[in-house]
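Here the protein sequences line up with chains A and B, keeping their order. The numbering of the first sequence is full-length UniProt numbering, which starts it at 1 and goes up by one. The numbering of the second sequence is full-length UniProt numbering, which starts it at 1 and goes up by one.
Simulated from the structure, these hints should not be mistaken for laboratory data. Keep in mind that the hints are not guaranteed to be accurate.
Just so you know, same-sequence chains aren't split out, so a pair can sit in one copy or run between any two.
Restricting the straight-line Cα-Cα distance to at most 16 Å, the calculated cross-link-like pairs of lysine to aspartate or glutamate (EDC-like) are [to be verified]: (1) K327 / E145; (2) K308 / D19; (3) K308 / E14; (4) K308 / D189; (5) K380 / E14; (6) K327 / E14; (7) K236 / D253; (8) K313 / E14; (9) K427 / D470; (10) K37 / D150; (11) K231 / E145; (12) K52 / E312; (13) K330 / D440; (14) K464 / D136; (15) K327 / D367; (16) K417 / E117; (17) K283 / D19; (18) K327 / D149.
Number of protein chains: 2
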Amino acid sequence: MSEIIPHWLDKQSELSPTDIAIESPNNDSISFLEMRKQSRLFAKKLAFLGVKQGDHVGILSGNSVQMVITIHALTYLGAVSVLLNTRLSSKEINYQLTDGAVTFLIVEEGMYAHGKEALHQLHLPIYTYSEIDRTDWKEVLLKREIDLDDPCTVIYTSGTTGVPKGVIHTYGNHWWSAVASALNLGLNDQDKWLASLPLFHVGGFSILMKSVIYGMPIYLLEKFEVTTAHKAITEKGVTIVSVVSITLNKLMDQIGDTGYPNTFRGMLLGGGPASKALLDRAKDYSIPVFQSYGMTETSSQIVTLSPKHATEKLGSAGKPLLPAQLKIVKDGIPARQEVIGEILVKGPMVTKGYFNKEKANQKLFQDGWLVTGDLGYLDKDGFLYVIDRRKDLIVSGGENIYPAEIEGVLANLKEIKEAAVVGQTDKKWGQTPIAFVVRDGSGISKEEIISYCQGQIAKYKVPKEIYFVDALPRNASNKIMRHILVDWLPKGDMESEH
Amino acid sequence: MSEIIPHWLDKQSELSPTDIAIESPNNDSISFLEMRKQSRLFAKKLAFLGVKQGDHVGILSGNSVQMVITIHALTYLGAVSVLLNTRLSSKEINYQLTDGAVTFLIVEEGMYAHGKEALHQLHLPIYTYSEIDRTDWKEVLLKREIDLDDPCTVIYTSGTTGVPKGVIHTYGNHWWSAVASALNLGLNDQDKWLASLPLFHVGGFSILMKSVIYGMPIYLLEKFEVTTAHKAITEKGVTIVSVVSITLNKLMDQIGDTGYPNTFRGMLLGGGPASKALLDRAKDYSIPVFQSYGMTETSSQIVTLSPKHATEKLGSAGKPLLPAQLKIVKDGIPARQEVIGEILVKGPMVTKGYFNKEKANQKLFQDGWLVTGDLGYLDKDGFLYVIDRRKDLIVSGGENIYPAEIEGVLANLKEIKEAAVVGQTDKKWGQTPIAFVVRDGSGISKEEIISYCQGQIAKYKVPKEIYFVDALPRNASNKIMRHILVDWLPKGDMESEH
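Same shape as in the complex, but just chain A:
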């Protein structure tokens, strides 16, 4: 049955009113009580502007205390936050706003300029934070309780088909995710999490949820900046940091001889499989790394290497957290130990489905298990090793890039007959997308193709190189054989700009 709990921010304001909810480098730290007060006032201003229970409200914003206040404000109204990636193109944002049935958009000041005209074509009410701040407020009944079955957020993930899909997270999904992490990593009075991942991604958002569910301060950065992040650990009492490979490497460049304070507990590493070199380096620095595996659909980590196995099982993503289950399926049946198969997961932190995507939702589950599409195996002790973040998926600086999406954009150019995109290993970003293109004979140039892409998709998705070929390698079923394309790539790592 549906569980009802008190509103979590009300509760932390009651339990620990003066405790810090959010700290940041520019010293605008805010207590739970003050956060509640501001969030509730902001909710009433939004209500004045017409936002009401059940509305899908888009948020286009970089990390800030104001963004957190906005998210909490929407929970007080019972509205759903649709969190938009600020790096997307106007076209992509417009697609998500339409697909996500967003009826009201809140933008950070700087973002407004970003695609003002394109956004206005949607005839949505669009307000910046300060515009809302300046408005009147309306006395409305704010939520005192949270029904864990109610939707809380929609976060878009690019599907393997290349069509972005909005993952619905209930309050319960976020609750269980936070609790599962506490049962794995433990929880103590001194805990302070660094939030340098974008809050619009589930990895960053989950840190905000931990703050309000544990009553724990988080140290919030606008974005990952290595010296600030380093200082947060060495001088500001941060005990746990969520990282991806590239940020972990950068942090280790800073570490020097003194190392981290004894209170530092470790790095929670997500965003794709980590290289052995990276993990060995962390080991050399005596930095505990808790590798994890998760995705937007699982409300962040669902499998994590616990501290006690961090060294012994280097390279493994660990075991499914307590309320979760995992199985490896090969040819329709559970795979034996050490045999690679598809990863399926189940648990109360797993989404109930995508917003408004009936067909995709049917494929998403098998007998209640989420079909991740990722490949991996379990060792003899039941530890998960993820082989491929997802078949063909390109992970670049922690961002997922789906080849099919870029291929779709390329295919729209009439001068292109067909195209295939694969990931090239990259020293800086892990991977970057590379396109193989078959032209129609019109002689379109690399530069023209890249320029076209830049108007369509986020910069990090734009192919870093275009190779013209006569034909794409296909198998008997006419499917592109991507592994052959990978063989065609020049050997050695690239080093590119995002």
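Got chain A sorted already, so can you dock chain B onto it with the hints?
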């Protein structure tokens, strides 16, 4: 919606197979993996004897590893544990077995003799642990998953009307209780809880749940024995102890000059309001005491004083745990600060109701809030102070004694016209029951009445003294005025045997 999680003992066996689940003074410690193995085998033996999903299975046993194995075994079968207080009379046990629809009874060897004949009148299958151990086993499908909405235990509480009622706890009630406690007290690798309270009470049972949900070892005592309990803290690494006033006092008698190790985190104090003298004494010894408030219906503590307020708010039971809510109601409306009223609580650890007691269940809730019947107030900072464990309730050595139950027994004696029972302050037990009796003129003696009671109710419920009076003081509505009876008691504390 109903949440599904993997079976928690399977899960701990997977996450921490060799970690200790239970330690005890006689060194029969057992790992999670071994606990799982033995519990599953025991389940198959119970299946051979006919126990199946949905059955209500009585357990009449003192604390032991075998009792824990039995409880887990029943969860693997999907059967419900009906936990019987070993101190009850055969008559009381028979009532609970019948009322609780128990179809199979498991008894500890020593208990079997206790009321063998009376028990056999019920024509129930009755087996001792060793009889089950010696039996064959049957291959059955054991539960791999837990549905949090399924019933897990039935634990009897005497109602204010004197009729014992079986509180149904779902798996979810126990889950949320354990998680709520972790969010309040924190959770770390070193934690080890002392379980000296009987597992058949919810306070003891909740420690077992913490063990299997946190993956934490517990140090299990057959019963509270002060030198063993003291040694558990000073030599065996116990970090948290659940106590009632009387056991806390006894432990402090032992503490001496060396005090407790630095790793000791504190005492979780339940079982009724604590005296200021007790709390001051603990403060003198620098023992953190987390006062708490809870009852069988709330799956143990629902309000707890957090470590950080333990000193500042001495005497308070604290604030409702994160997923819980509390309100004080007076004359049908929420009471103001500092005003005494009835305590109502709400949250996912609160029972959905009593087994097979439709009428009582209707009265138990008001708009989804559990009406505790207890009196208390909130101070200006929202901290709860419990005034009366329950109106008229007698708490003796942590055991609840309801006057109406004893009065019912006395009323059955034809030589007694009417009787009323109140609590007398007692140095050793906190309170003991005292009866005021109006005879019919037959001249029945104190000794005859006490002897009669001994055959009907548990020893601790038998009145310690009988006062013969001509009439009971009653008000205009003909209700007995108990406060006048209390005034009639001799002044000063008693010191009696249980």
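Copy assignment of K236 with D253, given that the CA separation must stay at most 16 Å: Classified as neither: same-chain Cα gap 19 Å, cross-chain 43 Å, threshold 16 Å.
Homo-oligomer pair classification [D19, K283; C-alpha up to 16 Å]: This pair counts as neither: shortest intra-copy Cα distance 34 Å, inter-copy 25 Å.
Within, between, both or neither: K308, E14 at alpha-carbon 16 Å: For K308 and E14, the Cα distance is within 16 Å only across copies (14 Å; inside one copy 35 Å).
Intra/inter-copy verdict for K308 and D189 if alpha-carbon distance must be at most 16 Å: For K308 and D189, the Cα distance is within 16 Å only across copies (9 Å; inside one copy 20 Å).
Homo-oligomer pair classification [E145, K231; C-alpha up to 16 Å]: neither (38 Å within a copy, 45 Å between copies)
Identical-chain pair category, K327 with D149, by Cα at 16 Å: Cα proximity of K327 and D149: none, with 26 Å in one copy and 24 Å across.
Identical-chain pair category, K52 with E312, by Cα at 16 Å: Neither: 51 Å inside a copy, 41 Å across copies.
Intra- versus inter-copy proximity for E145 and K327 (alpha-carbon distance at most 16 Å): Close across copies (14 Å), not inside one copy (35 Å); limit 16 Å.
Within, between, both or neither, where K330 and D440 count as close if Cα-Cα is 16 Å or less: Intra 40 Å, inter 82 Å, cutoff 16 Å: neither.
Copy assignment of K327 with D367, given that the CA separation must stay at most 16 Å: within (12 Å within a copy, 42 Å between copies)
Intra- versus inter-copy proximity for E14 and K313 (alpha-carbon distance at most 16 Å): Between. Shortest inter-copy distance 15 Å satisfies the 16 Å Cα cut-off; intra-copy 41 Å does not.
Status of D150 relative to K37 across identical chains (alpha carbons, at most 16 Å): neither (23 Å within a copy, 39 Å between copies)
Going down the numbered hints, you'll see the structure goes against 7, 9, 10, 11, 12, 13, 14, 16, 17, 18, while the others check out.
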